[in-house]
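Make one complex out of these two single chains by using the hints.
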Amino acid sequence: MTSGRGLTLLFSPRGALRFWQRNAFIFRRIFPESVAVNFLEPVIYLLAMGFGIGAYISTIGGLPYLTFVATGLVATAAMFGATFECTYNAYVQMYYEKAYDGVITTPLTVEDVVVGEIFWGATRSMLYGTVFLAAIAAFGTVRSPLALLIPPLFLLSGLMFSVIAMTFTAVNPSIDYYTFYFALFITPMFMFSGIFFPLDALPAWVGTAAWLTPLSHVVNLARALALGTLARSHAVDLAWILVVTGVLFPFPVVLMRRRLIK
Amino acid sequence: MSDAVITAKGLVKRYGDLVAVDGIEFEVRRGECFGFLGPNGAGKTTAMKMIYCVLPPTAGELSVLGRDVRTSPREIKARMGVVTQENTLDTALSVRENLLIFARYFDIPWRVAHLRADELLDFVGLTDRARDKVEYLSGGMRRRLMVARALVSQPELMILDEPTTGLDPQARHLTWEKLRQLKRTGVTQILTTHYMEEAAALCDRLVIMDRGGIVAEGAPSDLVRRHVGRQVVELRGVGQGPGGREALSRALEASGEEVQVHEAHDDLLLLYAQDGEETLRRIREQGVVAEAVTLRHATLEDVFLKLTGRMLRD
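Chains as they are written, first to last, in my numbering: chain G, 632 to 893; chain R, 78 to 391.
Simulated from the structure, these hints should not be mistaken for laboratory data. It is possible that some hints are incorrect.
Distance condition first, Cα-Cα at most 27 Å in a straight line; then the derived DSS-like pairs of lysine-lysine [said to hold, decoys possible]:
#1 R:K255 - G:K729
#2 R:K86 - G:K893
#3 R:K86 - R:K260
#4 R:K255 - R:K210
#5 G:K729 - G:K893
#6 R:K86 - G:K729
#7 R:K86 - R:K383
Which chain R residues stay away from chain G? Per the calculated CB distances, all over 12 Å, these [as the list claims (entries may be wrong)]:
#8 P116
#9 E294
#10 L329
#11 V366
#12 K383
Computed footprint of chain G on chain R, listed as stretches where at least three residues anywhere in the stretch have a Cβ under 8 Å from a Cβ of chain G [to be verified]:
#13 127 to 140
#14 153 to 160
#15 166 to 179
All residues carry an ideal CB built from backbone N, CA and C; glycine is no exception.
If we strip away everything but chain R, and leave its shape as in the complex, we get (with noise of 0.2 Å):
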């Protein structure tokens, strides 16, 4: 398909016996926003190093911007804007200086790096910071700071590796908001996230990872409703006996759809339902014992859960 940006075919990365990405095939197109969820150590690092060139792939396909990863990693760097995971600015630096140095190393003349610094420092709010040195700035204000690094050479495509993981709340909305003004203006994106309703609120697509393979992707919306449906219900302290396990089966029966039911742990009991208040009337009917019932939209976040699982992962 032309209107590809990315395209991923049995991508694989490889150390020694570790299979860190496990043939993956993914299309990123032009001008949306791509996330890429999972737990730690699934791999998405791992793809994000191999999409912006600084990992080779041990085997498959990996055509970014057109070109091969392999053959022209010069050229793609050239057209990319990079968030990487840890803030990689130069502390010895000034705000200000950090971007036009960057601009250099992208052969962008003097004089249009001075405009585009002062251009960028405004969009991420840091006009009044630019002659501090990096070291006095907050957490947030260096995230902004890579962000506005990133786009020093008006890329078409960025990557943001987790670009508000350690954030405030306030500053996580402030850099969505400055994401969202960026995709208005055609930039693809590419997202990592540990943070479902970041992954909700920007991406168009996203697919999730767990243990080096894709296991689902979608639109976020598509994604609830296929893997969850539109609403669950929470049970906390159902009991064995006849009022809790028994009884609630004898509900779920009841009721006319099919109701799935995911044991989160054993204090709670998930119920992946399309009409929730349905399900909630047939347990109340059935008089299932338990210490507290919450009826909720259904997120992301289940989704995820229910295919990753809860085990912790390092």
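Just chain G, with the same shape it has in the complex (with noise of 0.2 Å):
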């Protein structure tokens, strides 16, 4: 794909596919184990939260507390999909079983394997949401037709929380400092997007913070969607998704290169 220099794109898109199906090629075997688990984790959390917490609470915001958490628990399942793929999966087969330096000896390069890996991410992504999201539908948690909309949105949601990983993965020093990722952005993302209680009604420094986090405009945008109430601000959300992927992306491409290259 070089056009000269200067004009050399990236990568190139056929090589990062290659790279995509071999993924895929992989997941294909642990594929209905892996559906299992993520079918029955979401059943686990919404008995304990829908059920258990439900029990004190019985509406947030006119809406049935498990309604509440399940339409937004649906986006974590997205971010621990892509985030998975694109810490511990992408680091063990980077630096312990060597994967990509057999690869790029083909005619891949580490750009088409670091696009055709956070692309399998995204693609695990929507793969768990989606099974997510078919696990809280039938909880009747699900009201609008518009729900279709959120496999997509995951797609772009995995797309950008695989970017974010990867990006942590190619300056990761050591596979230890993913506690850190996980317990510095991931779980405090979790907790505080809007998930378990609305924002609104924390001092709004929280809501500002939780502004800032990739996660809570995904779960604005996918409680909206499975609820049927979609607004203007949701416009924002999806602009701000957008926009952080787009100017992100860049960066794992470079630093993985900056990193397996020397």
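Here it is in structure tokens:
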């Protein structure tokens, strides 16, 4: 894909597709188990949150607590799908199994591998999120056909979470540091993105801080689509995700090249 | 020269202050097996990585299969098979799947990939392990699978970075046999190795690298003749006294030809000679006192140790 100096595309779409296909090929084998687990996990959450806490809190903003939690929680399934793929999974393949070192001796480049991995993370995100969505729909928490737009939303948000995770992976000195990534980034986001309680009940700065996190926007959109309460403000959420994904996209690609090619 | 598969001129790779490859020049001809020998850290693998286009050169020219590594890495890599120093197999995949997925990186259609996978598994003797996960393979089997995988695109040029390091003698000989078969089909091979007998058995020509540079180049037998001679007399435990070194000097003066003396270490003297029997006779004549005297053929290992010394490198 070289078209002269300075105009070289960072990656070849075909190369990235080939690496994506490799991941899909491997995943195929664990697909049934993977789906089963991803179906079971939300059910456990919903039983605990919805029926446990829901016994004390009947409604939030006019919604049954179960419905409120379920329609927010669905976004985290998508977040975790991409995050695990582009943190631990990618790291093990890259640094322990040296799989990437083999791939880049073929026509594929480091850039193809990174982009393929990011898109695979997004795909897993969509798969897991969709399974979760089916699970909560079985609890009667999905109220609008707009929910059909949630899988494509997860493909997009999965791309965002993959890009963020892959950027961290590209600079992560040791697999042990993922603890920090989860403890300081993923978990706080999980708690303060309006999944378990609405943020407008909290001091204003909490809402501002939450606005800066990627997950809150995905939660807003997923909930609005599931409940059919889409409003103009959600365009901001969508724009936020698009802009952040687009701006951050080159970082893992460039940083990974710097790391693998010395 | 149009026959050259690889041409390197003034090739340099620097990491900050460290010069890993220091302005080397070499040319690899079509159809030959070309070796890179050298102690650890000599720059062999760095040179390989530049050839297979995953490391950009700091300076100099490097053309592979008629193309510049800086501008056409994808095109070059599409026509090349690489066995990296470390195994880079997909442990999540089976033996056969490793070949199939690799074939896809070269855009080989699935149908063709299946055919080639079966052929290659047969070629490296892994047909009955086809469905096993890679993690259950022995070291020798993994290495053979690496060779098979590198062949899946039917490359014109093969890079083998220490293909037999860590293998037992049986596995090593089997790998050599496969590489010889491959050469007969016209595939150009580049090989790095620590094993002199491997280089002597496989390489048509080779270079010896040390500290980033090339210290010798030629056919194995020529190198031996040029740098060492035909035969080697090994003397162990020669004392400094009149019956030892002094008697030896007299013996060497008496022998008609020029004999090079190489002090391998305190206890071992190597005498490089064209006519070892003559040298041996003179040594006996002068009554040189030694613990052990051995006459043997000169090998590539003598050349290697003579040129790169006996100091440990890492």
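Against the structure, the hints come out as follows:
For the given pair, K255 of chain R sits about 25 Å from K729 of chain G by alpha-carbon distance, which is consistent with the 27 Å threshold. Taking the CA atoms of K86 of chain R and K893 of chain G, the gap is near 21 Å; set against the 27 Å cutoff, the hint holds. A distance of roughly 26 Å separates the Cα atoms of K86 of chain R and K260 of chain R; the hinted pair therefore holds under the 27 Å criterion. About 23 Å separates the Cα atoms of K255 of chain R and K210 of chain R, which keeps this hinted pair within 27 Å; it holds.
Proximity of K729 of chain G to K893 of chain G is assessed by CA-CA distance (about 15 Å); at most 27 Å being required, the pair is judged to hold. For the hint pairing K86 of chain R with K729 of chain G, the CA-to-CA distance comes to about 31 Å; that exceeds 27 Å, so the pair is violated. Distance check on the hinted pair: K86 of chain R and K383 of chain R sit about 26 Å apart at the alpha-carbon level, within 27 Å; holds. Listed as outside the interface, P116 of chain R is consistent with that label: its C-beta sits roughly 21 Å from the nearest C-beta of chain G, beyond the 12 Å cut-off.
For E294 of chain R, the non-interface assignment is confirmed: its Cβ lies about 26 Å from the closest Cβ of chain G, beyond the 12 Å cut-off. Listed as a non-interface residue, L329 of chain R keeps its Cβ farther than 12 Å from every Cβ of chain G; the least gap is roughly 50 Å. For V366 of chain R, the condition that its CB be more than 12 Å from all CB atoms of chain G holds, with the nearest at approximately 55 Å. K383 of chain R, annotated as away from the interface, keeps every beta carbon of chain G farther than 12 Å; the closest lies near 33 Å.
For the stretch 127 to 140 of chain R, the stated coverage by chain G holds: 4 residues have a C-beta nearer than 8 Å to a C-beta of that chain, and at least 3 were required. A count of 4 residues in the stretch 153 to 160 of chain R with a Cβ less than 8 Å from any Cβ of chain G is obtained; the coverage claim is therefore met, three being the minimum. Chain G is given as covering the stretch 166 to 179 of chain R, and this holds because 8 residues of the stretch bring a CB closer than 8 Å to a CB of that chain, at least three being needed.
Of the hints listed earlier, the one the structure fails to meet is number 6.
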